[in-house]
Amino acid sequence: MLRLTYHGTTTIPVEAECLTPDNLAGKSIADVLAQPVQHGNAPVPLGEFFNADGDAGDGEVTVEGDCSRVKWIGAGMTRGRITVHGNVGMHLGSEMRGGVIHVHGSAGDWVGGEMRGGRIHVHGDAGHLAGAAYRGSRAGMRGGVILIDGRAGNEVGASMRRGLIAIGGDTGDFPGVGLIAGSVFVFGTPGVRAGAGMKRGTLAFLGPAPALLPTFRYTCTYRPVFLALYLRQLRAWGLRVEERFLGGTWKRYGGDLVGLGKGEVLVWQP
Amino acid sequence: VNVNAVPIEDTFAEAFPMTAARLVVTAATPGWARTAGQTATGYASSVIGCDAEAGIERELSADETPDGRPGVSLLMFAFSRDSLQKAIVNRVGQCVLTCPTTACYNGLPLVKERAIRVGGNLRFFGDGWQFSKLLDGRRYWRLPVMDGEFVCEDLFSTVKGVAGGNFLILGSSQETALAAAEAATLAIRAVPGVIAPFPGGVVRSGSKVGSRYKKLRASTNDAYCPGLRGLVKSALPEGVGAVYEIVIDGLELSAVEAATRAGVRAACRPGVLGISAGNYGGKLGPFHLRLHQLLSE
Chain A
-4 MLRLTYHGTT TIPVEAECLT PDNLAGKSIA DVLAQPVQHG NAPVPLGEFF
46 NADGDAGDGE VTVEGDCSRV KWIGAGMTRG RITVHGNVGM HLGSEMRGGV
96 IHVHGSAGDW VGGEMRGGRI HVHGDAGHLA GAAYRGSRAG MRGGVILIDG
146 RAGNEVGASM RRGLIAIGGD TGDFPGVGLI AGSVFVFGTP GVRAGAGMKR
196 GTLAFLGPAP ALLPTFRYTC TYRPVFLALY LRQLRAWGLR VEERFLGGTW
246 KRYGGDLVGL GKGEVLVWQP
Chain B
73 VNVNAVPIED TFAEAFPMTA ARLVVTAATP GWARTAGQTA TGYASSVIGC
123 DAEAGIEREL SADETPDGRP GVSLLMFAFS RDSLQKAIVN RVGQCVLTCP
173 TTACYNGLPL VKERAIRVGG NLRFFGDGWQ FSKLLDGRRY WRLPVMDGEF
223 VCEDLFSTVK GVAGGNFLIL GSSQETALAA AEAATLAIRA VPGVIAPFPG
273 GVVRSGSKVG SRYKKLRAST NDAYCPGLRG LVKSALPEGV GAVYEIVIDG
323 LELSAVEAAT RAGVRAACRP GVLGISAGNY GGKLGPFHLR LHQLLSE
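Same order as they appear, the protein sequences are chains A and B. Using this note's numbering, the letters of the first sequence map in sequence onto residues -4 to 265. Using this note's numbering, the letters of the second sequence map in sequence onto residues 73 to 369.
Just chain B, same shape as in the assembly (with noise of 0.2 angstroms):
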């Protein structure tokens, strides 16, 4: 299968459940709404070494959120319900909470048995003067705070997301590979229901599995490293200088499907040379993500 003229390797991306969140944060402009967002989405690209993967989903209009002001939609997700509500809490009170004139609501419908409790946890920042609010079945928290208040709702529903789909675009260069990269982070971006966690949503250091390290988990992907061409057993083939990933986390399997599609579809671009994914034999995840049968649908 090519597309643009560019190959697409018959393999596919393995992809595995992961519990997921969407969080929509308000505040009184889209500015600090997006502040807000891009701080508590921080330092949250990947489970290895972080306590979620999270990214901005999409900005939202005034209409689309609860409170009628600008906004952000942010996915987060985790192994488990009980990692996902640790880490959703201290990233809203840390970095929503802490953040001028804004407010945070569940963006899922309310599963109340697949819950997890966020404003619940944060109201004892209120030391008494909390307020609870009950709307239509859904408790809203109040917090003083030095410009106001801060409104948090208690329960975000959570689902079985899917995390880890990728694709590699392999450039002739560093130069075309990134364009050829971030002409695909923008077509995921129009994407609903999905994020690519990394930085700007690519990726360059692709890892594989242990190391000859013991403590470590993951180790740089030496086969996909150019520099390691003729050292290593290497999977680049000839005349790729440069190598992006990106990773996919999405709400469900057909978001991500329709990401990578998607994305791929936008890096073939002339100067790549070749478009893979990464898996492990099929022993990791569920989920597989056929490159030939995506992108023939």
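Isolated chain A (complex conformation) (with noise of 0.2 angstroms):
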């Protein structure tokens, strides 16, 4: 395992792309610190705001310290497993296409932007934009798996193409906007106006009900079984869900009407 520890005090941007199992499997300490990263406009190399030890041989990263200013940790990894103890800035995990990242503290904007596979748990909060698609971009999120434990922000799986994602708590306004296919829960309390414009895809919402836009339509209260194996394997994965929610009816509602109209809405009953 490698084991990074973060020393820097800058409050300007380091763009880390430079920090995925991939990039440091089978490098000395040595080369691991003189893998360049850009701080603000000018590259430096990663011993500038780290220090090292151990090997990422095995494919295990370890990330020290609060690297709120460090972005695009994870990002295109496909393989191995990062843990950070700590906040880490935006673009955590963008584009990753396998592995795992554990961050035990908060994440900035665009987690997992864009991901085509592998699973982020982010244990506090994160910022808006999970999932996403970057602007001028047709798909967001095309794979794989987000939890978040706590709060997200606005546009939570904007335009995502296919995977999951999951926040424990309350999210910002347009939870699932412009959703194509895929799924997101949300088990705290939605922004306003959920799924606006989704073609295909679930929302499923566990806490207060989201005041929805009038181009959805409520069609049944019912127990989907499928729901049953998501709420399993979340829970599999270490996020929290309570007994009740494996219980109950879903209302569900069929929209949005402006789009496709073939994406779902499921509001939980007790």
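Since the hints were derived computationally from the structure, they do not count as laboratory data. Beta carbons: idealized from backbone N, C-alpha and C, even for Gly. Worth double-checking, as some hints may not be accurate.
To be verified - Some, not all, of what chain A presents toward chain B, calculated at C-beta under 8 angstroms:
1. 157
2. 159
3. 178
4. 217
5. 218
6. 219
7. 220
8. 221
9. 223
10. 224
11. 227
12. 228
13. 241
Put the two chains together into one complex, using the hints given.
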């Protein structure tokens, strides 16, 4: 296992796309510390901000310290495991295709932006646009799993194409906006305009019922079996899922009728 | 070799490889799961005349199933992956999809290279309103039906199973032979990974290969019919009044061996005059389950 300890004090963002198990595996400590990162407008070696010991030959990387200014940790990774003890900056696990990231802290905006596979678990809060499409892109997250134990900001899963996002707490506005497919679970209170423009996919709300747009139609109240698969799997991954959610019924709304209208909003009823 | 003073003939059962799948069918209640399981495994005693050999492996409690509801585990066998897929798609489509509250899942570790498509074929019943969900590498299809939704997994893994394990119970009368056969099937049900696909797990019409009639692939095993003693070359010892056969299919050879061992031991009761097994001189199948060897382990 490679252990990186953050010792930087900068308030300028550090873009550290080199922090992936794929890139760091097989490198000596000197090579690891020589990896280039972007500090503002200047390239500098990783060693300017991190100390290192161990090696990432087993695909394990641990990052310690408050890395709220460090962006792109785990971006594009395909395997291995990153564990962060502290906060992380924007673009955590962006476009990642495999492996697991655990953040024992909070994360900035764009957690898992356009990710394709793997799993990210943020044990604190996350910023805006988790799993979303980058500006100008047609589709957001295209696979994989994002779990956020705490709150998340606006536009969770914006234009996501495939995959699963579960938010343990509240969300900002527009959760699941423009959803193409995939599943978003919100256990807290959602913001306004949930699922606006969604085509397909599932938005499941287990907390207070959202005020839905008038372009969603109530279809039925039932017990969808597939949700039991999801809730049990979320629990297996370590998200807190209360036993009561495995019972009860769900109100189903179809929409968004301004889009394709084949999406669904499911609202849990005790 | 004797078990409980019942002589075991020094012979072997001849089994052969068949492609197998395990289905987990769940429902809102154990009763509906059982109904779906019984219906889906009906008319599936032998591939001589059925599209598959199938049976209920065991009942599952709610904490053993993927969706936390009670269920049943079914095993189905056919000669190839293609024929197994066709049989399972038909059986799930006609007997599980139609049964209230059910869902159907793959019950084996998923190996995509050896998988057959079940939910992926049944999804067209949704007529465009089907939903697909991909969770942890497994795809599930949700079809809207009149009581809500039918959930069926897309791919079901297959393994090379072993079919045709068997033994014969030679009883002094129909009553004693049947009681022994019932005891044997009860013991076999406790063995994981096997089914006894015939009615109640018991065969009364054991067959031989071929017939005097050209179109018939199998016909009555005259050597074991008490009513033909003296008319044909009988294999029945003196005093035998009825014979029942137990046929066993399993996901692997060791499971069929364990089931044979458990079944034979349970069948050796008062009134049973001998235990034998069916084979074709070793020419049909590569798996030879030698009774003496199995029972001495």
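Now the hints, each set against the structure:
no., hint, verdict
1, 157, "holds (7 angstroms)"
2, 159, "holds (7 angstroms)"
3, 178, "holds (7 angstroms)"
4, 217, "holds (5 angstroms)"
5, 218, "holds (7 angstroms)"
6, 219, "holds (6 angstroms)"
7, 220, "holds (5 angstroms)"
8, 221, "holds (5 angstroms)"
9, 223, "holds (4 angstroms)"
10, 224, "holds (6 angstroms)"
11, 227, "holds (6 angstroms)"
12, 228, "holds (6 angstroms)"
13, 241, "holds (6 angstroms)"
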